[in-house]
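Participant: Spelled out from the first residue to the last, the chains are:
Protein chains: 2
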Amino acid sequence: MATDHLYALLLAGGKGTRFWPLSREDHPKQLLKLFSDRTLVEETYERIRPLVSSDHIMVATSRGLALRLSAVLPEVPNSNILVEPVPRNTAPCIAVAAARLLARDPDAIMVVLPSDHFVNDRAMFLDVIAAAVTHAEQGRIVTLGITPTQPETGFGYIRFGEFVEDPEHPDAKVRARHIQAFVEKPDRTTALSFLKAGRYLWNSGIFVFRADVILEKVRQHLPSLYEGVLELGHVQGEAEAERIWRDMPDISIDYGVMEKADNLCVIPAAFGWSDVGTWAALSAFPGDEHGNFSFGKVVTVDCKENVLYSSTGLLATVGLSRMVVVVTHGAVLVCPIDRTQDVRAVVEELRQRSLTEYL
Amino acid sequence: MATDHLYALLLAGGKGTRFWPLSREDHPKQLLKLFSDRTLVEETYERIRPLVSSDHIMVATSRGLALRLSAVLPEVPNSNILVEPVPRNTAPCIAVAAARLLARDPDAIMVVLPSDHFVNDRAMFLDVIAAAVTHAEQGRIVTLGITPTQPETGFGYIRFGEFVEDPEHPDAKVRARHIQAFVEKPDRTTALSFLKAGRYLWNSGIFVFRADVILEKVRQHLPSLYEGVLELGHVQGEAEAERIWRDMPDISIDYGVMEKADNLCVIPAAFGWSDVGTWAALSAFPGDEHGNFSFGKVVTVDCKENVLYSSTGLLATVGLSRMVVVVTHGAVLVCPIDRTQDVRAVVEELRQRSLTEYL
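Those sequence lines, one after another, are chains A and B. Note that this note's numbering has the first sequence beginning at 1, numbered continuously upward. Note that this note's numbering has the second sequence beginning at 360, numbered continuously upward.
Heads up, some of the hints might be wrong.
[What the hints assert, rightly or not] Okay, the calculated bits of chain A under chain B, using three or more residues with CB under 8 angstroms as the criterion:
(1) 313 to 321
(2) 324 to 331
(3) 346 to 356
[What the hints assert, rightly or not] 35 angstroms max Cα-Cα, derived DSBU-like pairs, lysine-lysine:
(4) A:K304 x B:K392
(5) B:K392 x B:K544
(6) B:K555 x A:K297
(7) B:K392 x A:K15
(8) B:K663 x A:K185
(9) B:K374 x A:K304
(10) B:K544 x B:K555
(11) B:K656 x A:K304
(12) A:K15 x B:K374
(13) A:K297 x A:K33
(14) B:K656 x B:K374
(15) A:K297 x B:K656
(16) A:K33 x B:K663
(17) B:K663 x A:K304
(18) A:K260 x B:K392
(19) B:K656 x B:K392
(20) A:K15 x A:K33
(21) B:K656 x A:K33
(22) A:K260 x B:K656
(23) B:K544 x A:K304
Don't read these hints as lab results, they were simulated from the structure. Every value quoted in this text rests on a predicted model; they were computed, and no experiment measured them. Quick reminder that beta carbons are idealized off the backbone N, C-alpha and C, glycines included.
Go ahead and model the full structure; you've got the sequences and the hints to work with.
Facilitator: This is the structure we're talking about:
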């Protein structure tokens with residue numbers, strides 16, 4: 001495989017308060033340690049590293065997080081940190097990164113990776129990426145679709161069609177499928193029907209494509225973004241760059257490009273994936289014999305199916321069922337698993353009461 | 360009222376782990392701040408202070424706690440701190456205190472007060488104590504009985520009989536009753552029948568009697584204790600005192616004396632009382648409009664009837680009902696209100712795992 005031309009773009013600009021109180025405004029999810037003593041962005045980096053050398057790994061993020069990301073990813077050259085002066089969605093930073101890569105390597109192939117997801121089976125992950133790269137080399141835009149394991153209502157879905165014919169790799173272990181449709185987050189009944197139908201995959205937000213191919217699609221479908229990208233190429237000074245970013249459309253690569261492109265395919269994957277969207281998501285992870293997901297110093301008595309996280313000190317629980325308890329330095333959250341979406345309400349309340357030290 | 364001869368004995372030797380993690384082995388319940396910025400023993404002291412001068416207040420406690428109690432009760436003379444060299448139940452320390460008081464004042468009247476209880480209406484409390492003193496002066500052993508407000512299964516009960524005739528105080532506002540029986544902690548059905556019967560009171564553990572009267576009863580009913588007390592009176596050296604204490608019977612004043620004495624009476628009282636036996640007990644205290652008892656920096660969203668306590672940092676709760684959450688420096692407890700008795704199991708688990716820093 002032509003890894004000489006392989007690059008990764010880690011999307012690490014997210015803010016996110018759904019992991020409050022562990023995540024804060026200046027300490028978003030990609031910088032959390034949820035599964036090990038390494039942050040999610042470090043885990044993402046380590047996961048792709050066997051296929052992509054450090055100086056081929058780019059990180060897109062906000063001004064406020066750039067230094068922190070450099071600190072946790074010291075092997076990534078500073079010039080590979082792509083700072084978005086104003087928060088925009090995924091299409092702008094992917095297009096800007098593609099343009100930069102093209103200037104460096106006309107044959108660049110990009111693996112776009114959200115930096116705050118969980119992947120269980122790394123070997124299988126790399127296998128799927130490798131297969132995706134073979135398709136990307138042919139000029140296809142490849143997305144990874146996760147085989148659903150439950151009727152999830154929090155994800156977008158992809159309905160797949162026939163296998164993509166690939167004369168050059170007739171025996172590819174992981175096979176790509178044509179995409180019939182992108183489907184919005186379904187209600188529970190619909191999600192159940194998707195699960196039964198067997199032709200739907202979760203949209204993982206992981207993409208593989210050639211830099212020139214994605215940029216051509218941006219030119220076709222998001223011409224104003226394309227112009228901004230060209231302009232950025234010969235701009236001098238931060239103020240000017242910020243103005244250009246400000247004018248870029250605030251749109252995701254999914255809506256802006258994927259759903260309109262014709263050379264798309266999806267590779268079904270089952271490497272154990274989660275977008276780790278809320279504390280509740282952790283309840284699906286391997287836990288103790290009673291189904292408790294625990295992190296840190298936790299003592300349980302007669303507890304089952306809880307998410308118990310302590311980053312400081314001891315957390316002791318008695319008789320709990322399907323609860324989330326998060327202990328951080330200075331703030332503690334307790335909430336039933338089914339109510340984790342409402343953690344936003346706490347953050348809102350803190351804002352109203354000007355308890356900004358906890359935001 | 361002859362307050363010149365009135366003394367108080369604060370029983371402050373208790374250990375208690377039921378308020379873990381706020382209470383620790385070296386930081387028992389009487390030293391907790393549950394209702395204000397003062398510890399329970401300070402609140403007990405302040406409560407009786409209008410009737411008893413500081414140098415008439417004695418404090419019985421263990422070796423380990425003596426200095427701490429001196430620190431929170433600086434107005435109590437050190438010579439009034441009665442140290443029990445080995446932990447014994449209430450009868451020995453009450454008898455020893457009575458003997459000491461007699462040597463100082465042959466007419467001494469003692470108010471015996473557990474130091475870790477809650478009293479809501481202080482004025483009414485003092486009124487009841489004053490009435491009890493008038494009976495104690497006549498040589499009666501007076502106990503305070505709390506009018507039950509719910510079918511409590513965690514307390515002993517007192518069944519009362521007719522009014523005590525008191526020719527000297529025919530109009531006493533608070534009237535004493537003869538005691539028909541002391542009743543063990545009942546089951547729920549029995550507790551309900553007690554509540555309906557209207558002739559049962561909670562045994563508060565608050566007593567008022569003359570020092571000479573109680574000591575005479577000790578001589579009659581606990582002769583070995585009486586001998587120990589006499590021996591202590593002319594002993595020199597800590598080792599000798601410790602040996603005598605070690606030989607004293609480990610028995611409560613209730614079992615050892617009250618249930619056998621004949622000159623007893625009870626004064627029914629309704630000043631808003633709780634022995635604050637577990638975290639669950641706090642749920643009965645006045646809370647916010649949703650029935651949440653909160654202490655410290657607490658933010659609730661859609662929560663009702665919880666006990667939420669933070670001695671450090673912010674505690675945020677969403678969608679909780681009838682839960683106990685306690686946040687202390689270094690340890691957090693989460694437990695349904697109905698399971699607070701099982702906090703012992705956590706303490707036991709910590710002991711087994713040698714996590715002694717949390718005990």
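Participant: Would you mind marking each hint as holding or not holding in the structure?
Facilitator: Each hint, compared with the structure:
1. 313 to 321: Our answer is that it holds, as 8 residues pass the Cβ test (under 8 angstroms) against chain B, meeting three.
2. 324 to 331: It holds: at least three residues are needed, and the segment 324 to 331 of chain A offers 5 whose Cβ sits within less than 8 angstroms of chain B.
3. 346 to 356: With 5 residues closer than 8 angstroms to chain B, the segment 346 to 356 of chain A meets the three-residue bar; holds.
4. A:K304 x B:K392: holds, 32 angstroms
5. B:K392 x B:K544: holds, 28 angstroms
6. B:K555 x A:K297: violated, 48 angstroms
7. B:K392 x A:K15: Violated, at about 38 angstroms.
8. B:K663 x A:K185: Measuring from Cα to Cα gives roughly 33 angstroms; hence the hint holds.
9. B:K374 x A:K304: Given pair B:K374, A:K304 holds - Cα atoms ~31 angstroms apart, limit 35 angstroms.
10. B:K544 x B:K555: Answer holds: B:K544 to B:K555 is near 16 angstroms, not above 35 angstroms.
11. B:K656 x A:K304: Holds - the C-alpha atoms of A:K304 and B:K656 are around 28 angstroms apart, at most 35 angstroms.
12. A:K15 x B:K374: violated, 47 angstroms
13. A:K297 x A:K33: holds, 14 angstroms
14. B:K656 x B:K374: holds, 27 angstroms
15. A:K297 x B:K656: holds, 23 angstroms
16. A:K33 x B:K663: holds, 32 angstroms
17. B:K663 x A:K304: holds, 23 angstroms
18. A:K260 x B:K392: violated, 64 angstroms
19. B:K656 x B:K392: holds, 14 angstroms
20. A:K15 x A:K33: The given pair, whose Cα atoms are some 15 angstroms apart, holds under the 35 angstroms limit.
21. B:K656 x A:K33: holds, 26 angstroms
22. A:K260 x B:K656: Violated, at about 51 angstroms.
23. B:K544 x A:K304: Distance of about 32 angstroms is within 35 angstroms: holds.
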